[in-house]
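For what it's worth, my numbering labels the leading residue of the sequence shown as 1, then goes sequentially.
Just so you know, the hints here were simulated from the structure itself, not pulled from any lab data. Note that the structure is predicted; figures quoted are calculated from it, not measured. Do not take every clue at face value.
Okay, derived cross-link-like pairs now, DSSO-like style, lysine-lysine, Cα gap no bigger than 27 Å in a straight line [claimed, not checked]:
#, residue 1, residue 2
1, Lys278, Lys249
2, Lys281, Lys372
3, Lys147, Lys90
4, Lys36, Lys372
5, Lys281, Lys360
6, Lys90, Lys39
7, Lys360, Lys372
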Amino acid sequence: MAKKTENKKSFTFSKVGELLNNITKKVPVIIESEIKERKFIDTGVYLLNAALSARMIDGGIEYGKIFTVAGDSGTGKTFIALSVAKHAQKSGLGVVYIDTEYSLNLDDLPKYGIDNDPEKFRLIRGNKVEDINILLTQLLDSLKQEKMENGSIDPFLIVLDSVGQMSSNKEKEDLISGNLKVDMTRAKSLAAMFRSINTDLGYLDIPMVVCNHVYLEQGNMYPQQILKGGKALVYSSSVIGMMSKAKLKTGEEDELDLGQSGIVVTFKTAKNRLAKPKQIKFEISFISGMNRFTGLDAFCRPEFYHQIGIAQGKEEVDKSTGEIKFVPGGNRWFVRHLGKSVTTKQLFTQEVFTQEVLDKMAPIVNDYFRFKSLDEIEQVEKQFNSIVESEEDDSNGFTDSADAEDLFN
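Could you put together the complete structure from these sequences and hints?
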């Protein structure tokens, strides 16, 4: 009698899952088995939230990601970082602020709305890239072990202000010895740092804001702004914003104000995986800081008046039907829920942009910034990659050149 062949069970994919689950108990990697709720830190400006995350009200800086903001001196980079730190604390997060420029003082923080209690805020001094690399790598590695042992950690915000001011040990050694040489180690050290910490931030769900400088590339008929920090920072960042400024004039400046009372910031999203790269503007006042409503007037248009209830024009009664109609025109803004017109100076207030108005605006604003398809995302990635220089040195990075303007049109 022939011996029956036993049916052996095949090695199914479920067994792979069991093996992976056992491995992750010993190795700090994550297996994503379900869709997680995305968390964000408010920037303090609704339009900036939308530009970064396509979420006007509850968006901003995403947990576990690197947000790089770059620009010339005085464009508001540190102010943005401090605003994010303030709102991080409001949401219950602690803040580790690495100041490479020695520009902050603990006793100045309360005027920015930041609690300087060591239990909520830690200010780190230092500007050697090797030292900061060791600091962050060892900190994050310790937290990874903590998470593996206890299952979770409380996330917090890390701010690095700024990359452009960081030096290297070799640069200092050369200066001490009197050698004025080009330091080729700094870019490699920065690249190593961002490669090292990028996935750790994601694993720990820790958001990071990086402030950076730009400089003009020489030897070109049309000088281009180059983002410092090397290609590793460019690719590690989920969002890169390039900032420039103009004078904010309210007409109320006195003879000591140097002709301005703040700055108008132009923010170009050079790279973004969450929202379409766009160019927006918002204001930073030297007296009152950022007005979170500035820029929203771009969406208070006649075609949206029925939904939002704010636009330039007026309401009139149709004498033949008795129906109230909105008539576009003029330079004053009619606010339906107030039943009156206001000037542009009076527009950006909580009285005008109530929570009800914001809730009605959000779908329109979010839809404007949101990617509609995978093809759109891939097209932006191709455009971004085409304007990143290929050479591996300190001058590589995002070039805010004429070629990049296609990203913002």
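So, going through the hints one by one against the coordinates:
1. Lys278 - Lys249: It holds: about 25 Å lies between the C-alpha atoms, which stays within 27 Å.
2. Lys281 - Lys372: With a Cα-Cα distance of about 23 Å, the restraint between lysine 281 and lysine 372 holds, given a limit of 27 Å.
3. Lys147 - Lys90: holds (24 Å)
4. Lys36 - Lys372: Holds, at roughly 21 Å.
5. Lys281 - Lys360: It holds: about 21 Å lies between the C-alpha atoms, which stays within 27 Å.
6. Lys90 - Lys39: holds (14 Å)
7. Lys360 - Lys372: holds (20 Å)
In this structure, none of the earlier numbered hints is contradicted; all agree with it.
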